[in-house]
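Visitor: Chains B and G, in that order, give the protein sequences. Everything in the first sequence is counted per the UniProt record's numbering, starting at 1 for the first residue and increasing by one. Everything in the second sequence is counted per the UniProt record's numbering, starting at 1 for the first residue and increasing by one.
For the record, the hints were derived by calculation from the structure and aren't laboratory data. Glycine residues also receive a C-beta, built at the ideal position from the N, C-alpha and C atoms. One should not assume that every hint holds.
Unchecked claim - Not the full set, but computed from the structure, chain B residues with beta-carbon under 10 Å of chain G:
hint	residue
1	Leu137
2	Asp138
3	Glu190
4	Arg195
5	Val352
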Amino acid sequence: MSVTEKASTRGTPTSPQRSTAPSVAQSVWLVATREILVRLRSKAFLISTGILLLISVGAVVAGGIASQDTSLDTVAVVGSAEAVVESTGAFEIMAVDTVADAEALVRDGTVKAAIVPSDSADAVLPVTVIALDSAPLDVTGALSVSPEVQLLDPAEQGGGIAYLVALAFGIVFLMSATTFGGTIAQSVVEEKQTRIVEILMSTISVRALLAGKVLGNSIMAFGQIVAIGLLAAGGMAVTGQRVLLADVGPAIGWFVVFFAFGFVLLAALYAATASMVSRQEDVGSVTSPVLFLTMIPYFLVVFFNDNPLVVAIMSYVPFSAPVSMPLRIFLGTAEWWEPLLALVVLVASTVVVILLGSRIYSNSLLRMGARVSLRDALKR
Amino acid sequence: MLDIRGVSKSYGARQVLSDVNFTVADGRMTGFVGANGAGKTTTMRIILGVLAPDEGTVFIDGTAVTASDRRRFGYMPEERGLYPKMKVAEQLVYLARLHGLSPASAQRNTTSLLEQLGLGERRDDLVEALSLGNQQRAQIAAALVHDPEFLVLDEPFSGLDPIAVETVMTVLAGYAAGGTPVLFSSHQLDIVERLCDDLVIIGDGSIRAAGSREQLREDHTSARFEIQTLGDAGWMRDLPGIDVVDFDGGWAVFEAETDAASQHVLSEAVSRGPVTAFTRQRPSLASIFKEVVQ
């Protein structure tokens, strides 16, 4: 008896023509679409994305304002010291008549320091600096005579800006990876805890299910990163930081590429580890090793961004490459082939993790109750 | 027709199923009965391909079932579950599409199925906002929304109120009447007794009895008869080939060595006065179940 005959005799609605079973790609896409829709409807997601975008715009705008802040320190000068101070061009000058007046201005904080003619005849400089409680290094520095410096290997970027760029990549990666990693872990356990996973498993392959979840969340994370990157670049252009943009642009581009693969790797890890538990309460403890792996790049670049060796090593380690390699590109310490090699390493490890992850995932999904041991989960 | 042939499954050293064989015929409601842990859920999961058997094969109309065939099954797992934060209709459309329906067919099936199950007004509610009974109905809709050609339902009646039980029974009987093979497990033997055409009894991972309900009853019917007369039935004890098991006034239960002996009792009783009942005792499902499982 054919399908349509059965259907007509029982009088229930039917699809006139049962299409052939959807391909794996279609199943993956259906799962991914659901993940995206659910995420887009979640208020928590929309709010946190909004905050993240605001922060990145705020950081760029604040950076623009700070770099335009060219006001000079004010110092009080007495008599012949004025000519010396004027020649540096580094200060606003407030001329007063006596040393006592100058000291009074220092004491009430009107000026940062007072510069008065020197009493001693054998002083190197013909002036004395009067300050309140500590030697004002920027003042003495501006007055000092420096020897000529010859750099053999001049750094392209200063340490301060390198730190900021490292921090920015690190924070964006950390926030995005933990947010979406956590989301994917919760969504895996939700399916397990509500048991709908058994219906899903009876319909599509476990790999298609895992791939769909990873794909959906990766698209969301990637979209967020691209939005942040565009906003940051746009913000820099608008606030007149074109020089910085030209320097950071390629690094941002590589960051997006590395992030795309790095996130897929983390997402697969989050999904696989989360599948080993059955309750939302246990997600935190089981995924904490993955969280740790996510935080390593962040802390390493924050603490070791001035150590070229550590950064170079980290730029090949899959978990930290998405942060370290763009940093090296920004610093100009990476050869042209290095990001490509690191990318190959990252993609290869992503493939391995996905294969292991899907095994853990399919072995664990039906095991309710106690946490599945890693050894059991990896069994064939 | 669904054929389960030689299916075995172990978890480590524990053998959960050993050489399980049975058939779910077209248009038959097949009840699947067994104690807790007897292997019902494992068997159903193997039929659905959620679990792989160690040995054995599941056949549809004579050919081994493939992954793409499994989309033609409607499955209700023992452990219920839908996405709590998805709207009812949206969720059904999603499941229908995963089973390969076009968006339009998925929408159409969802709408009419929700109407049929009395959930039409709840289509845009979140699943978690539904009452328990309505969640169960939504669960049944989830098993049926893609127009399955085979139904495998693990405890479809557990946790249902009597009204919902009737609704579900009607829907399932409708499917069977249309020629769909329906396999369902239940602890509620009275429901199985009312609903099933065929019966499969499993105990400790092996099939203890399988066949049509009537045949099973016939097979387990003993030579016990029940008679109700208006006078005192004490005289029966003296008849040859008759063993009176129980009696009370005009009512008696007896075992007869031969059919002739039982007929003799009847004719003797009629000659002594009016006989209001004379039947062969038919065992209830519960007693057959107890007998074959022990």
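Visitor: Would you settle whether the hint for Val352(B) is holds or violated, based on the nearest Cβ-Cβ distance to chain G being less than 10 Å?
Guide: 24 Å, violated
Visitor: With a cut-off of 10 Å, does the beta carbon of Arg195(B) approach a beta carbon of chain G closely enough for the hint to hold?
Guide: Holds - the Cβ of Arg195(B) comes within 10 Å of chain G, reaching about 3 Å at its closest.
Visitor: Per the CB criterion, is Asp138(B) less than 10 Å away from chain G?
Guide: 58 Å, violated
Visitor: Can the hint on Leu137(B) be confirmed by a CB-to-CB distance to chain G that is less than 10 Å?
Guide: 59 Å, violated
Visitor: Holds or violated: the hint that Glu190(B) contacts chain G, with Cβ atoms closer than 10 Å.
Guide: 7 Å, holds
In summary, the numbered hints that this structure violates are 1, 2 and 5.
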